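Can you build the whole structure from these sequences, using the hints too?
Residue numbers (my numbering), protein chains in the order written: chain F, 48 to 420; chain X, 15 to 116.
Everything labelled a hint here was simulated from the structure, so no lab data went into it.
Every value quoted in this text rests on a predicted model; they were computed, and no experiment measured them.
It is possible that part of the hints are untrue.
[Claimed, not checked] Once the Cα atoms are required to be at most 27 Å apart in a straight line, the calculated DSS-like pairs of lysine-lysine come out as:
no.	chain 1	residue 1	chain 2	residue 2
1	X	K43	F	K150
2	F	K286	F	K389
3	F	K356	X	K61
4	F	K304	F	K286
5	F	K286	X	K61
[Claimed, not checked] In silico negatives: residues of chain X with every beta carbon more than 10 Å from chain F:
no.	residue
6	L30
7	G31
8	W51
9	E57
10	D64
11	A68
12	R72
13	G75
14	T78
15	L86
16	A91
17	D93
18	A109
The C-beta atom is built at its ideal place from N, Cα and C for all residues, glycine as well.
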Amino acid sequence: MNAPVNIPNPVGLLAELTHRCPLACPYCSNPLELDSRADELDTAAWIKVFTEAAEIGVLHAHLSGGEPAARRDLTEIVAHCASVGLYTNLITSGIGLTQERIKALADAGLDHVQLSIQDAEAKSADHIAGYEGAFARKQSVAAWVIAAGLPLTVNAVIHRANAERAGQMVKLAVALGARRVEIAHTQYYGWGIVNRAALMPTKAQADAAIAEVEALREVYAGVIVIDHVIPDYHARHPKACMGGWAKRTLNVTPTGKVLPCHAAETIPGLEFWNVRDHSLRDVWFASPAFNAFRGTEWMKEPCRSCPRKEIDFGGCRCQAFALTGDASAADPVCHLSPDHDKVAAIAAHANEEEAAAEIAYVYRGAKAPVPAE
Amino acid sequence: MNETVQAAEHGAGQELGIVPRLPRGVRLKFDETRGQWLLLAPERLVKVDDIAVAILKRCDGVATIEAIVEDLATAYAADRALIDADVRRLLNELAVKRMVDL
Numbered sequence: 048m049n050a051p052v053n054i055p056n057p058v059g060l061l062a063e064l065t066h067r068c069p070l071a072c073p074y075c076s077n078p079l080e081l082d083s084r085a086d087e088l089d090t091a092a093w094i095k096v097f098t099e100a101a102e103i104g105v106l107h108a109h110l111s112g113g114e115p116a117a118r119r120d121l122t123e124i125v126a127h128c129a130s131v132g133l134y135t136n137l138i139t140s141g142i143g144l145t146q147e148r149i150k151a152l153a154d155a156g157l158d159h160v161q162l163s164i165q166d167a168e169a170k171s172a173d174h175i176a177g178y179e180g181a182f183a184r185k186q187s188v189a190a191w192v193i194a195a196g197l198p199l200t201v202n203a204v205i206h207r208a209n210a211e212r213a214g215q216m217v218k219l220a221v222a223l224g225a226r227r228v229e230i231a232h233t234q235y236y237g238w239g240i241v242n243r244a245a246l247m248p249t250k251a252q253a254d255a256a257i258a259e260v261e262a263l264r265e266v267y268a269g270v271i272v273i274d275h276v277i278p279d280y281h282a283r284h285p286k287a288c289m290g291g292w293a294k295r296t297l298n299v300t301p302t303g304k305v306l307p308c309h310a311a312e313t314i315p316g317l318e319f320w321n322v323r324d325h326s327l328r329d330v331w332f333a334s335p336a337f338n339a340f341r342g343t344e345w346m347k348e349p350c351r352s353c354p355r356k357e358i359d360f361g362g363c364r365c366q367a368f369a370l371t372g373d374a375s376a377a378d379p380v381c382h383l384s385p386d387h388d389k390v391a392a393i394a395a396h397a398n399e400e401e402a403a404a405e406i407a408y409v410y411r412g413a414k415a416p417v418p419a420e
Numbered sequence: 015m016n017e018t019v020q021a022a023e024h025g026a027g028q029e030l031g032i033v034p035r036l037p038r039g040v041r042l043k044f045d046e047t048r049g050q051w052l053l054l055a056p057e058r059l060v061k062v063d064d065i066a067v068a069i070l071k072r073c074d075g076v077a078t079i080e081a082i083v084e085d086l087a088t089a090y091a092a093d094r095a096l097i098d099a100d101v102r103r104l105l106n107e108l109a110v111k112r113m114v115d116l
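See below:
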C-alpha cells in the first residue's frame, strides 16, 4: 500500500523501557510473551530514540513498562528527555522507587508521575496486583512524589473485583494529593483477554461505577481532574482507538520494536521496524505496519461509507482481529458490525455470571498461558 | 482554547491579590514542528492563541492578576476592563483543569 499523504507528526511516544515488573495484574496489557532483560535496549539506544522523537515533533514521552523503575538508568533517561525538551511522564507501579530515587528523578527534570492503584482496599488491591504489601508501599510512594514537588496522577483499572469502589478510588486519589485521576475500565488485550471472564463486570456493575465517578466530577471540580475511560463492550459505537492508527502516538517495546499501539503485535502479518535498524522518522512515515491502517482507504463496509469514519476510525484494529479474525473489519463493538452479536454475547455472559463464584486470575509470569475461548 | 469548561468554584472572581502561576507539570512551549504555542500538561495538549500566550507568559508566580492586567493594558493599549475579563476567564478555565494555580 502507498503511504498516505499528509501524515501528521506524532505527539506522544510510549517507551516500554522493560517488561520486568514486580506486579502481576491480571489485566496487564503487555504481551503474553514478555521480552527478556538480556534483549532490552541499552541506555545509548534509548537516548537515541528520545533524541529522534523530539526531532519528529513528539511532545510527551511516557516512560512505562513493565515497571520502568526496574531500569537502573531511569534517571539518566529522564535527564536526557528533559534536555531535548520532551515532557516526561513516569508511569509506575511505585514498586522499586525510594524517596531518594524520586528526588533524583525530580532533579533530573521529570515532569509528572502516574501511579497505579489496584483498589481502594489493601487486601483486595494486593490480591489483584499479586503482590503482598503493594497497597501500603504505594501510599508511601505517593507521599514521596508530592514531597518532591512533582504533580501526581493516580490511575486505576476498573473490573469486576473493584467496580463497586470506583468512587472510593477517586477519593483515595484526592487524599493522596493527586491533581488528576484516571479511572479506566479494563480493556481486553494481552492478559486482559486471558482473564476476561474473571474481569468483566456485569452491565449493572459497570453502569453503577460510571455513574458514581461521573457524579464526583462536580464535587471535585478544581480539585482533581477526572479522566474516565468507560467500557466499550457495552457501547454502541467503538472507541476512537489511539485517536486513529499511527496518527498521534507510537510505542517502542523493550527490544526496540516500534508499534502503532501496544497491542499491534497481536495482528498477524504486520511488519514492524526496529530502532536498531531504522530512524524513528523512517519508522513513523514509511514502515509497513504504520501505513497498514492509516487514513480510511483500508476500510471495508460498514466503515467505508460510515459518516463516523473520521470520528472513531472504525474502532480498534486489534479488537477487530481478536474478535472477528479480520483486522480490517469494523470493531465489533459497533452496532453496525456484522459481528456485533459476538460482543453482545460476551457481555451477556458477564451478566449471567453476576452471582457466580469468584473466578481465579491467571497471573502473568514467565510462561505464556493459552488464551481462553 | 479549544475546549469548553465550566467555571471554577473557587476561581479568580473579582478578588484582589491573587498570584497565578503554572504549577510544576504544566509547561508553556512553542512547538517548532507545528509552529504553534502549546500548554503541555499530563496527557493534555492545549493549543493556545496569542492572547493566552501573552497572559500565561506573565504568570510568573510573582505578579498579581491586577499587575498582569495593568501590564497588558499598557503593552497593547487596550481597555483595562476588557483585558481584566479576558484574563480572569482564561485563568479560571485553566484552574478548573488544574493547569494554573490561583
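Checklist line | Status of L30/X, Cβ more than 10 Å from any chain F Cβ | finding: holds (20 Å)
Item checked: W51/X non-interfacial with respect to chain F [C-beta, more than 10 Å] -> Given a closest Cβ separation of 12 Å, the condition holds.
Item checked: Nearest-CB test (10 Å) between chain F and A109/X -> violated (6 Å)
Notebook entry, point to check: For E57/X, which was marked as not at the interface, is the minimum beta-carbon distance to chain F over 10 Å?
Noted result: The claim is violated: E57/X sits with its nearest Cβ about 7 Å from chain F, within 10 Å.
Next item on the list: Evaluate the condition: distance from the CB of T78/X to the nearest CB of chain F exceeds 10 Å.
Entry: Answer for T78/X: holds, closest chain F Cβ roughly 20 Å.
Next item on the list: Over 10 Å to the closest beta carbon of chain F is the bar; see if G75/X clears it.
Entry: G75/X is indeed farther than 10 Å from all Cβ atoms of chain F, at 13 Å.
Item checked: Verdict on D93/X as a residue remote from chain F, using beta-carbon distances over 10 Å -> Label holds. Min Cβ-Cβ 29 Å, cutoff 10 Å.
Margin query: Check whether the Cα positions of K286/F and K389/F lie no farther apart than 27 Å.
Written below: Between K286/F and K389/F the Cα gap is close to 17 Å, so the pair holds against 27 Å.
Check: Straight-line Cα separation of K304/F and K286/F no greater than 27 Å?
Finding: holds (25 Å)
Item checked: Status of the stated non-contact between G31/X and chain F (beta carbon gap over 10 Å) -> The claim holds: G31/X sits with its nearest Cβ about 19 Å from chain F, beyond 10 Å.
Check: Beyond 10 Å from every Cβ of chain F: is that where the Cβ of D64/X lies?
Finding: holds (20 Å)
Next item on the list: Against chain F, does A68/X hold up as non-interface, every C-beta pair farther apart than 10 Å?
Entry: It holds; A68/X is separated from chain F by about 22 Å at its closest Cβ, greater than 10 Å.
In summary, the structure is inconsistent with hints 9, 18 from the numbered list given earlier, while agreeing with the others.
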